[in-house]
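For what it's worth, this note's numbering labels the leading residue of the sequence shown as 20, then goes sequentially.
Some hints here could point you the wrong way.
No farther apart than 30 angstroms at their CA atoms in a straight line, the calculated lysine-lysine pairs in the BS3-like style are these [claimed, not checked]: (1) Lys123 x Lys80; (2) Lys123 x Lys136; (3) Lys80 x Lys136.
Derived Cβ-Cβ restraints for the label pairs, each shown as a range [unchecked claim]: (4) Met84 x Met137: 28 to 36 angstroms; (5) Tyr139 x Ala71: 16 to 24 angstroms; (6) Tyr139 x Ile46: 29 to 37 angstroms; (7) Ser67 x Val124: 18 to 26 angstroms; (8) Ile46 x Asn134: 17 to 25 angstroms; (9) Gly135 x Asp79: 17 to 25 angstroms; (10) Asn69 x Glu142: 14 to 22 angstroms; (11) Gly43 x Ala141: 37 to 45 angstroms; (12) Leu39 x Gln99: 18 to 26 angstroms.
Hint data in this document are derived by calculation from the structure and do not stem from the laboratory. C-beta atoms are modelled at their ideal positions from N, C-alpha and C, and glycine is treated no differently.
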Amino acid sequence: MFGNGKRNGNGVAVAAITTLIAEGTVIRGDVEFTGGLHLDGRIEGAISANGADAVLNLSDKGRVMGEIRASNAVINGTVQGDIVVAERLELAAGARIEGNVYYKVLEMAAGAQINGKMVYQAEEPRQLPRPEIAVAEA
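Could you build all of it, start to finish, from the sequences and the hints given here?
Okay, structure coming up:
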């Protein structure tokens, strides 16, 4: 599993957990990180990981209300928003996702749930188009 400071199955080094957002903590706003982020709390905003070895680890207690963009991610909690992972995405049995999932390599355990599209990305995902909001003219 990611976050142990070792190498993954492809021999690529992955980041050790460098940041912890504990259970009971709520962050309202976007979060950017490098290295490894372990989330037991809740983030109401987008999460962006910087670096090819960055890892997001969302525990069964963790909640995200916003888009996730990372090189690698292990999801075992609830996500309301799209997930865009450039390399490897692991969905554990407790994963509950309301949004689209963009991945290159996917490991999905029995019990994980996705309410959205699953889209294979052979290359690093480009910036997803933002939905345009029609403005009524007076």
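Going down the list of hints, with the structure as the test:
| no. | hint | result |
| --- | --- | --- |
| 1 | Lys123 x Lys80 | holds (26 angstroms) |
| 2 | Lys123 x Lys136 | holds (14 angstroms) |
| 3 | Lys80 x Lys136 | holds (24 angstroms) |
| 4 | Met84 x Met137: 28 to 36 angstroms | violated (20 angstroms) |
| 5 | Tyr139 x Ala71: 16 to 24 angstroms | holds (19 angstroms) |
| 6 | Tyr139 x Ile46: 29 to 37 angstroms | holds (31 angstroms) |
| 7 | Ser67 x Val124: 18 to 26 angstroms | holds (20 angstroms) |
| 8 | Ile46 x Asn134: 17 to 25 angstroms | holds (24 angstroms) |
| 9 | Gly135 x Asp79: 17 to 25 angstroms | holds (20 angstroms) |
| 10 | Asn69 x Glu142: 14 to 22 angstroms | holds (19 angstroms) |
| 11 | Gly43 x Ala141: 37 to 45 angstroms | holds (40 angstroms) |
| 12 | Leu39 x Gln99: 18 to 26 angstroms | holds (22 angstroms) |
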